Amino acid sequence: RVAEGYGESSFLTGVLGAAAVRGYQNRDDFTDPTAVAACAKHFVGYSAAEGGRDYDTTEISAATLEDVYLPPFREAVAGAGALTVMA
1 RVAEGYGESS FLTGVLGAAA VRGYQNRDDF TDPTAVAACA KHFVGYSAAE
51 GGRDYDTTEI SAATLEDVYL PPFREAVAGA GALTVMA
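Per the numbering used here, the very first residue in the sequence shown carries number 1; after that it's consecutive.
Keep in mind the hints are simulated off the structure, nothing from the lab. Note that the coordinates shown come from a computational prediction; the quantities given were computed from them, not determined experimentally. Warning: the hint list may mix true and false statements.
Label pairs and their calculated CB-CB ranges [said to hold, decoys possible]:
{"hint": "1", "residue 1": "ALA63", "residue 2": "GLY5", "range": "13 to 23 Å"}
{"hint": "2", "residue 1": "PHE30", "residue 2": "ALA63", "range": "33 to 43 Å"}
{"hint": "3", "residue 1": "THR58", "residue 2": "MET86", "range": "30 to 40 Å"}
{"hint": "4", "residue 1": "ALA63", "residue 2": "ASP28", "range": "36 to 46 Å"}
We treat Cβ as the ideally placed atom computed from N, Cα and C, and that holds for glycine.
Whenever a hint applies, use it, and build me the whole structure from the sequences.
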């Protein structure tokens, strides 16, 4: 599912994802009816389908999960404050 993201670089995905979150949410007052809550998606290993097919099983080691898949979500949620995450 790289086609739905910012590429294969975890660092770049984190930087651009955090920028998108800040751009979408762009306010502190979420009682405003025009406010938007950003959503980090698709959570963690969803894009790790094997053999180029979506919706397939995959094995992700703890190290790969920590080094490759989680950093962009940390940037979007903890760094930029995304209000929602799609599982």
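When the structure is checked against the list of hints, which entries are broken? Sort them ascending. Per hint list: single violation, 3.
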